[in-house]
Structures are given as structure tokens and as C-alpha cells.
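Quick mapping for you: the protein sequence lines, in order, are chains A and B. Following my numbering, the numbering of the first sequence begins with 1 at its first residue and continues without gaps. Following my numbering, the numbering of the second sequence begins with 364 at its first residue and continues without gaps.
Don't read these hints as lab results, they were simulated from the structure. Glycine residues also receive a C-beta, built at the ideal position from the N, C-alpha and C atoms. A hint or two may mislead.
Calculated pairs, DMTMM-like style, for lysine to aspartate or glutamate (alpha carbon to alpha carbon, straight line, at most 20 Å) [unchecked claim]:
1) B:K459 - B:D442
2) A:K80 - A:E265
3) A:K350 - B:D442
4) B:K459 - A:E265
5) A:K211 - A:D355
6) B:K493 - B:E470
7) A:K11 - B:D442
8) B:K451 - B:D477
9) B:K504 - A:E83
10) A:K211 - A:E83
11) B:K459 - A:D355
12) B:K459 - A:E358
13) B:K459 - B:E470
14) A:K210 - A:D231
15) A:K11 - B:E433
16) B:K459 - A:E75
17) B:K504 - A:E265
Reference excerpt, derived from the structure (chain A facing chain B, CB under 10 Å, subset only) [claimed, not checked]:
18) F7
19) E8
20) H12
21) P14
22) V15
23) R16
24) L18
25) K210
26) I250
27) E269
28) S279
29) P356
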Amino acid sequence: MINRLVFENLKHRPVRTLLSALAIGVQVVLMLTLVGVSEGMLHDVAERSRGTGADVIIRAPGSSILTFSSGTMDERIVGKVREQPHVALATGSLVHPVGNAFNAIAGINLAQFNEMSGGFQYIEGGPFTEPHDMIIDSVDASEAHLHAGSVVDFGVPWRVTGIVVPGKMSRMFADLKSVQDTYSSSGQVSVIWVKVDQPQNIPLVVDEFKKLLPGYGVWSLADYVSLVSADNVPMLREFTGVVIGIGAVIGFLVVFLSMYTAVLERTREIGILKALGASPGYVLGILLRETVLLAMVGMIAGIALSYGARALLTQFAPNFTTIIVYSWWPRAGLIALLAALIGAIYPGLKAARQDPIEALSYD
Amino acid sequence: MTDGAIIEARELTKTFHVGDVDVHALRGVNLSVARGEFLSVVGPSGSGKSTLFHILGGLTPPTSGSVMIEGRDLIQMSDADRTSLRKKIVGFVFQKYNLLPTLTAEENIEIARDIAGSPARPAAFDSIVKLLGIEGRLHHKPRALSGGEQQRVAIARAIVNDPAILLADEPTGNLDTQNSQVVLDLLRRLNHEFGQTILMITHNPEAAAYSDRIVHMRDGRIEQL
Numbered sequence: 001m002i003n004r005l006v007f008e009n010l011k012h013r014p015v016r017t018l019l020s021a022l023a024i025g026v027q028v029v030l031m032l033t034l035v036g037v038s039e040g041m042l043h044d045v046a047e048r049s050r051g052t053g054a055d056v057i058i059r060a061p062g063s064s065i066l067t068f069s070s071g072t073m074d075e076r077i078v079g080k081v082r083e084q085p086h087v088a089l090a091t092g093s094l095v096h097p098v099g100n101a102f103n104a105i106a107g108i109n110l111a112q113f114n115e116m117s118g119g120f121q122y123i124e125g126g127p128f129t130e131p132h133d134m135i136i137d138s139v140d141a142s143e144a145h146l147h148a149g150s151v152v153d154f155g156v157p158w159r160v161t162g163i164v165v166p167g168k169m170s171r172m173f174a175d176l177k178s179v180q181d182t183y184s185s186s187g188q189v190s191v192i193w194v195k196v197d198q199p200q201n202i203p204l205v206v207d208e209f210k211k212l213l214p215g216y217g218v219w220s221l222a223d224y225v226s227l228v229s230a231d232n233v234p235m236l237r238e239f240t241g242v243v244i245g246i247g248a249v250i251g252f253l254v255v256f257l258s259m260y261t262a263v264l265e266r267t268r269e270i271g272i273l274k275a276l277g278a279s280p281g282y283v284l285g286i287l288l289r290e291t292v293l294l295a296m297v298g299m300i301a302g303i304a305l306s307y308g309a310r311a312l313l314t315q316f317a318p319n320f321t322t323i324i325v326y327s328w329w330p331r332a333g334l335i336a337l338l339a340a341l342i343g344a345i346y347p348g349l350k351a352a353r354q355d356p357i358e359a360l361s362y363d
Numbered sequence: 364m365t366d367g368a369i370i371e372a373r374e375l376t377k378t379f380h381v382g383d384v385d386v387h388a389l390r391g392v393n394l395s396v397a398r399g400e401f402l403s404v405v406g407p408s409g410s411g412k413s414t415l416f417h418i419l420g421g422l423t424p425p426t427s428g429s430v431m432i433e434g435r436d437l438i439q440m441s442d443a444d445r446t447s448l449r450k451k452i453v454g455f456v457f458q459k460y461n462l463l464p465t466l467t468a469e470e471n472i473e474i475a476r477d478i479a480g481s482p483a484r485p486a487a488f489d490s491i492v493k494l495l496g497i498e499g500r501l502h503h504k505p506r507a508l509s510g511g512e513q514q515r516v517a518i519a520r521a522i523v524n525d526p527a528i529l530l531a532d533e534p535t536g537n538l539d540t541q542n543s544q545v546v547l548d549l550l551r552r553l554n555h556e557f558g559q560t561i562l563m564i565t566h567n568p569e570a571a572a573y574s575d576r577i578v579h580m581r582d583g584r585i586e587q588l
């Protein structure tokens, strides 16, 4: 019967109920989208690293794990690497940030890169041939509305010669020497990609490179990909925590206000229940059950909205690769539920402590 | 306690503190109600009727004196004890019906049972509903019921847990003459046919005439026993 009362109470004020649930849903979608974007972008970095076809990756000392554009090293190291036992292929690339914070152009030796990765699949046009030619993947092309023949200004004009299928290291590619010369990095590369003759030799090659290049970042690709996680992104955990905290405060305030107005509005009904012998716990239980139901509806709405948010981001900001992180559904739901329950405590206690005579005389 | 009395109040006082002023609502009430009696308490506004109703119903504690209900001393009771009293020993009927607007008539009756923790409907439930003439109105919400029907549902709710005492505060105060007569007839039948002890507060002498005995209150005291 108490569940019936809870359900009818929520149904009695449908707009307030829907808005409260929606606000909790916004809190949930905020968490799920943030986690979905951060996990999605990291997943994208890992996938694009795998797309190079390399077995081992070498980075300059002190360079960031997550961005190929940080830190450079002498291009002649590529030659030394190539001479080592069990190395089938080695190629260097220089990744230079251009445009917004999420874009970079990768200077590559096209022939070597094709040999290692299996080559690009062209959706439009073809490979770059001239010094300021570039190819671009379909994600960036779609976002910037570029086609073969378009010209992009990254300090100097670059002509798009081809649109390729995404998934190989970067989103924009040009000739290594052109990128080096254009961005004052002659003779420099930021990543060396290595293909090993036999998979079982990968650990041996990694160990040898660590001895050969002390201080440099040397990882097997499998190890490198495992390092691409939120834990290794500076301040990402903190940022996520702050956003979740803000979301929780929103949920708390919404439920607090919603339940507070509900308690005021239902003062007389609370008096009736108390006159019938309802204990403070019974009255508090009604409010808490309503809150749990609101939080559950909000959680379902939030999960549904997170699919909408992903669709919007895919449409309008394809660079923000967003994935649905199922493991965060219960976490986001629990956080939303706790925030809502904390928000309901004061109104609930106010209702539970209501004097029945005063409550019954309330109009 | 008088032999056979279900309510026994002796020198019962209640003082409210309103700002710096003490308001003496009850000034030494002595009252004895026998089991199965239908008693009316009549008096003008401010005579202390409602305060007596609230104390006997366990809605507020007395200031001094003694008041025994079903052998329990209210003066010794904690808030939890008074909650238990309201749950099992007394049933209320109010002037404004006080039904929960979001529940149907049947659910309004059922929730009283739920609060009391009664596992099943009492055997007399169907006959009570029939007696009150609300069997065809059980699935309607209060807004779809007339005042008389709402009050009959409120009576059903008050007696569903088979309380020792039914306390009615101006039960006909919001009803027209015809519905008042129906409700008062029902209270009398409950008293006669089911032996229900009823204490009714009213300022209406015609309503009071339905009871077995009438006591008058004035200035916080019972004038006539």
C-alpha cells in the first residue's frame, strides 16, 4: 500500500515529477557523456596506434604517452633502429599540432608507412605528391567539410589530395620532409614505429632498444596501448571527479527542492498519516521511496539521453569519439541515487517530525 | 479506574505556551467513559473540546493529571507509545474528512490497515463497508465523492483496525442536514450493533442527541457528568 501511495504521490504532480527525474537524468548523462568521451578518445588513440601495424614504438625522452606531437628526436635514430637485429621495418613520423587542440598533422614517409600499415584506403582522391599536399581521414574531412582539392590554412596553405578511411595513427598526413621544413623541425621525428620480424622477438627487441636508447620511451605496442588509459592522462581523473561532483550537487539540489515543496504541499496529508498512527520512520520511508523511484526514472532517462548525446557529438563534433561505457551505468546510477537520497533527508526528517495537530490544521 | 471504564481522566490539564503567555486549555477535566458507550462532548468554541479530543487520541500529551485509556496511562507515554495508541486503540473521524486525495476510497481504508501492520482485512470489513453504504464507491478518489460519502469512507477507515475507541470531531460539521443524519445514524448503529465505543465532539445539540450521554465543557472543564 505504501508503494501505491508513493506512486500516486508522484503521479499527482506529473510536471514536478518529470522535471525532477529529468534533472537527475541530466546529472547521469553528464557523467556518462564525460566518461564516454574520455574513454572514447583514449580508445581511439589506442586503435589508431594499432592501425600503424607497428610492433614497437619509440618516443623521445620525456614525451607524453598520449600525444604523438610532444617531444622530438633526431631522425638519424631511425636509421640506427633499422640496423638492429629482428627489425623488419622502421619508420619515423613527425606529428605537429595544427588548428584546434585536438588536431595534428603527421609527417610520414608514405612508402614506408604504407608498407608497415598496409596502406591507406582512399574514399576520395589519392596520395600526396607535392610538398604542401596532404591527405585527411573522413572524420576530420566531415567535420571541416573538406574534399579532395580543398585547401586548408595551417600557417601555410595545404591542399587536400585525398580522403582516407580513419584508423591509422593520425587524422591528417603529409610528406615527412614537408612537415619538418614547414614547422621548423628539420631532421626531427616525434615517433619511431618498428615492425619486428617475428612476434616472439618483440620483448627481445624492446629490451635491446632500451639498452641502445637509454631514457627514451620504448614499449611494445601492446604495452603502449595498455598505458593509454584515463589513469595516465594528467588531471583527467580530477576533472572527471569535479564534473561528477557538480552533477551530484545539481541532483541533490533538485531533489531537495522537489521534496521540500512536496512536504510543504502535503503537510496536511502527513498529519493524516500521523493521526492514523504512522511512525516517523513510515513517513520518512514514503519520501525516501519516492526519491528512489525518481532516481531510478532519472537514471533510465540519463542512460537513454547518453545515446542522444553520443549521436549529437558524432554528428557535430566527430573528433570527440564517444563510446557507451556500460560499466559506468551502475556507478552513475549509484552516484545519482546517493545525491538524491541526501537531498531528500532534510525534507524527509521535516515531514517525519511534523506535529500531527499543526499538520492537520494546515490549509 | 471506574469499573468498566475505557477512558478515565482525572484532573487533566493542558497548558499551551504561546509566546510569553500560558494558555490553560484544560483546567482539571474529570471524565469517565464506559466501554460500549456513545458519549457526546458539547461546548462552545474555546471550551477545550478539541484539546481533550487531541489528548485522548494521543495526538498531544497532557500537562498534568491522569488519563487512562484501555488501562494505559497517557501521561507516562512517549511519542512512540502515543503513535502506537493511534495505530491500534483509537480511530479518528474529522470534520474535514481528511482523506488522502491521491488514493481511492478503498486505498484510504487500506492504508490505515497497512500503518497498523494488520496482515489481513478484518472479518467485519465487508459488513462495515455495506453498513456504511460505500461498497459501490470504493474505487473512486475523494474528489469524486460527495461530502457524506467521504465522511462514511473516513468512518470506515477509522474502524478498520477495530479500535477500542472511535473519536469523532464535529463529524457533521461540513455536511448538510440529510448527510448529517445519515452519518449520525451510522455512528449510532456502529455503537449499537458492533458495540463500538464512541466519543463525539460537537457544538450541535441535535447531533449530540444521537448519543447515550452528553457532557458539557466550558472554560477547560467538564460542567456536568
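Hint check:
no.	hint	in the structure
1	B:K459 - B:D442	violated, 25 Å
2	A:K80 - A:E265	violated, 79 Å
3	A:K350 - B:D442	holds, 16 Å
4	B:K459 - A:E265	holds, 17 Å
5	A:K211 - A:D355	violated, 79 Å
6	B:K493 - B:E470	holds, 16 Å
7	A:K11 - B:D442	violated, 32 Å
8	B:K451 - B:D477	holds, 12 Å
9	B:K504 - A:E83	violated, 88 Å
10	A:K211 - A:E83	holds, 15 Å
11	B:K459 - A:D355	holds, 18 Å
12	B:K459 - A:E358	holds, 15 Å
13	B:K459 - B:E470	holds, 18 Å
14	A:K210 - A:D231	violated, 24 Å
15	A:K11 - B:E433	violated, 41 Å
16	B:K459 - A:E75	violated, 91 Å
17	B:K504 - A:E265	holds, 18 Å
18	F7	holds, 9 Å
19	E8	holds, 4 Å
20	H12	holds, 5 Å
21	P14	violated, 12 Å
22	V15	violated, 15 Å
23	R16	violated, 13 Å
24	L18	violated, 17 Å
25	K210	violated, 72 Å
26	I250	violated, 28 Å
27	E269	holds, 6 Å
28	S279	holds, 5 Å
29	P356	holds, 5 Å
The structure does not agree with the numbered hints 1, 2, 5, 7, 9, 14, 15, 16, 21, 22, 23, 24, 25 and 26 stated previously, though it agrees with the rest.
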